[in-house]
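Visitor: Sequence:
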Amino acid sequence: MPTKRAWLSVAILTIAILLLTANATQAYDWPQFNFDNQHSGNDSAETLITINNVANLRPVFRVHLPAKVAGAPVYLDRSAAGSSDLLYVTTEDGSTLALDARSGAQVWAQQPVSGPQFTTSSPALDPSGAYVYSYGLDGYVHKYASASGTELIGSGWPETVTLKPDVEKESSSLAIATNVSGTVYLYATTAGYPLPEPGDAGDYQGHITTINLSTGSQSVFNSLCSDLTVHFVESGTIGFNDCGQTRSGIWARPGVVYDPDTDRIYITTGNGDYSGNTGGYDWGDSILALNPDGSSVNGVPLDSYTPSNYQQLQGQDLDVGSSNLAIVPSPAGSSYAHIGVQTGKEGKIYLIDLDDMSGQGGPGYTGGELERIDIPQSYGVLPSPAIWTNPADGSGWLFYANDLGISGTRIRLNGATPILVPRWVNYSGGTSPIIANGVLYYAHNGEIQALDPTSGGLLWSDNSIGNIHWQSPMVANGVLYIADESAQLTAYALAATTPTPTVSGTPPTATPTRTPLDTPLPPSATPTHPTDTATSTPTPAPTHTSTSTPTPAPTHTSTSTPTPAPTQSATSTLTPAPTNTPTSLTQIPTNTPTSLLTQTPTSTLTPCADPFVDLAGNPFRPAIDSLYCGGVVSGADPTHYLPTAPASRSQFAKMVVVGFGLAISTPPAGPTFSDVPPSYYAYAYIESGYAAGILSGFDPSSCAAAGVAYPCYLPNLAITRGQLARLVVNAAGYPLTTPSGGQTFSDVPPQNTFFAYIETAYQHGVVNGYPDRRFRPNVAVRRDEMAQIVYTAIRTPASRRHI
15 MPTKRAWLSV
25 AILTIAILLL
35 TANATQAYDW
45 PQFNFDNQHS
55 GNDSAETLIT
65 INNVANLRPV
75 FRVHLPAKVA
85 GAPVYLDRSA
95 AGSSDLLYVT
105 TEDGSTLALD
115 ARSGAQVWAQ
125 QPVSGPQFTT
135 SSPALDPSGA
145 YVYSYGLDGY
155 VHKYASASGT
165 ELIGSGWPET
175 VTLKPDVEKE
185 SSSLAIATNV
195 SGTVYLYATT
205 AGYPLPEPGD
215 AGDYQGHITT
225 INLSTGSQSV
235 FNSLCSDLTV
245 HFVESGTIGF
255 NDCGQTRSGI
265 WARPGVVYDP
275 DTDRIYITTG
285 NGDYSGNTGG
295 YDWGDSILAL
305 NPDGSSVNGV
315 PLDSYTPSNY
325 QQLQGQDLDV
335 GSSNLAIVPS
345 PAGSSYAHIG
355 VQTGKEGKIY
365 LIDLDDMSGQ
375 GGPGYTGGEL
385 ERIDIPQSYG
395 VLPSPAIWTN
405 PADGSGWLFY
415 ANDLGISGTR
425 IRLNGATPIL
435 VPRWVNYSGG
445 TSPIIANGVL
455 YYAHNGEIQA
465 LDPTSGGLLW
475 SDNSIGNIHW
485 QSPMVANGVL
495 YIADESAQLT
505 AYALAATTPT
515 PTVSGTPPTA
525 TPTRTPLDTP
535 LPPSATPTHP
545 TDTATSTPTP
555 APTHTSTSTP
565 TPAPTHTSTS
575 TPTPAPTQSA
585 TSTLTPAPTN
595 TPTSLTQIPT
605 NTPTSLLTQT
615 PTSTLTPCAD
625 PFVDLAGNPF
635 RPAIDSLYCG
645 GVVSGADPTH
655 YLPTAPASRS
665 QFAKMVVVGF
675 GLAISTPPAG
685 PTFSDVPPSY
695 YAYAYIESGY
705 AAGILSGFDP
715 SSCAAAGVAY
725 PCYLPNLAIT
735 RGQLARLVVN
745 AAGYPLTTPS
755 GGQTFSDVPP
765 QNTFFAYIET
775 AYQHGVVNGY
785 PDRRFRPNVA
795 VRRDEMAQIV
805 YTAIRTPASR
815 RHI
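Position 135 of the sequence shown, counted from 1, bears residue number 149 in this note's numbering, the numbering being contiguous throughout.
By construction, these hints were calculated from the structure, which means they are not laboratory data.
The C-beta atom is built at its ideal place from N, Cα and C for all residues, glycine as well.
Watch out, some of these pointers could steer you wrong.
[Unchecked claim] With beta-carbon atoms standing in for the labels, derived distance ranges:
# : residue 1 : residue 2 : range
1 : S97       : T403      : 52 to 62 Å
2 : Q326      : E385      : 44 to 54 Å
3 : A683      : E385      : 39 to 49 Å
4 : R426      : V311      : 34 to 44 Å
5 : P764      : N255      : 23 to 33 Å
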């Protein structure tokens, strides 16, 4: 880690470079979360950092803040006034800080109250630049002079957001929009706190408060009891100032999205009662369209979309509103002028006609989406997407990150109907991405990356940041900023001393970190259901311990290694994924170990011809053939094995039970795990592995965070290299050994959970590291790698196994 003096020297050098360069570009603001009214995450104003020089980014300062910033900063350009540009952040303890954008030095701070709860909100800039708006833990949004921090009092300020801040949380960022008539509105939404576990806490209802910044007047739309347009109070009078239903929180990252083409705002609600289809006023698990001033028509939204399986989503805690509606460009020639995409904890992407959201001519209907596909990397989504139009060919793209990776999907036409076509996926979990001047940025635990948006190829990365929860990056005027869970804020700028490389797509020295998907993935090709390898651990995975201060907040990438990162309150590193994912389904890049094994043993099983067209040239094919012929593995469909897809816990259950010849055993009293019913394809394998003491489930808080009842198995989650090392060591019965000369791999110190297992597996020649002496224990294991590892374990003499 550089010293403070070293950081300062680099900062001074870079500031000088930026000042010299500033004259050549037009400076701009980053006014709110994900940049614009639509929260597209697309910064089209950036000119300094390009795809050709992004590899020259270097840290220029890192500052420690009084408390964590859960979201992203906003940026005010003050160059016209000859003053230093400023960053503004809202911390989880309800403070608002103004920082010098070039040094990180604190300029001013405000904190209305210090409790009782916490916030994951981000601030918003007034279009004039004179004011910044930020939420305080007192239930109000506050208006501060941007230069001095002086709070403006009067004419409605501070503005009420909730009358019960002890149970209603400002989860989302503040949003701001100027509608087509020129009126500027500020939006604040509410959700609930995730304690006590399991479930949401207290008497809360999701609602949106819309503030007219010209007059200070406000309106309220409640997602439950929407016929009442007031702020509810606790234990009030039902039908007057309180609602008999609870939940339906609005907690996606930007909260409110404004589309100038339709002149409407859109909110997406979480789990809660839904009665819109019967003439009621409850709108759980729905996308709602309202007027820009937040008004409805007698308590009914202008339009709505509710998935047809809303009751299942409600029952399984699969909030459709864990992410937000995104406005996407409709391709030329489309019969639908205005379209949007929505995803949530269910892991589906819904394509919506914004001019008729249900296809049935008005609000209060269910279903009616133009298309519904699985998100390419599987699993639920909490981060906000980034939306981009490629200037090279006019194609529209959307980028979703979640705990299992990040993917790029194109919007194309099928005839005159828009469709979603997944193009690449990188199995390295992360938080809300952004795109600036054609460079895609996102962060996960310990690392921030820049990617080529058309291929997912790695352009640049830095692994000196802390863990990531809700935090997401932003870029303004040639500087990249990211906060982290260590209450740090890091800034990066271009280094003048490094020659600018010529880059076309992916730099010559970087290997893409994605699997290209040239055609849409069929449902059978998703990594949630093939029947081969997987991710179990022989002991229960630890709890998802949140790093947010007062209570666990929803997470994206995580910090506890063996625990899968679930959909709401977790911090597990199950999802960080490979920087070595093959560049195609049949080719392994040169910097990827040809195997996790140091040798490929001669098969003792009888091989046969497999039917898989995607295994040509794959070095693991002999092991896959042997396991396939023995009925241990099968494909994702009759002709595709999907070798680079991540392996799941259910797939491993089948491999270990069939491969080691364990007796099939199912409990007479019924299923052991709430999420593995007898109808599930791997039910008998999971129960048999559990009965043999090889497989186990998760603790109550992990199950609750994943949205399922305890006890749970979470069968569709992926396995990491570290977890695999532990499994193979236990399966083979190796006694744990550690090297006397210190650690073998630079990224697996003795305090790592998997240290002894990785060292033992390495000593037995079962696994290997990378050429840079790293093991990458948190990288997701592919299906072909898992097949080779399990094949080796099966061939180990029985006397050396514990089963």
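Visitor: None of the hints should be skipped; say for each whether it holds.
Guide: Outcome of the hint check:
no.	hint	result
1	S97 - T403: 52 to 62 Å	34 Å, violated
2	Q326 - E385: 44 to 54 Å	19 Å, violated
3	A683 - E385: 39 to 49 Å	42 Å, holds
4	R426 - V311: 34 to 44 Å	35 Å, holds
5	P764 - N255: 23 to 33 Å	59 Å, violated
Violated hints for the displayed structure, listed by number in ascending order: 1, 2 and 5.
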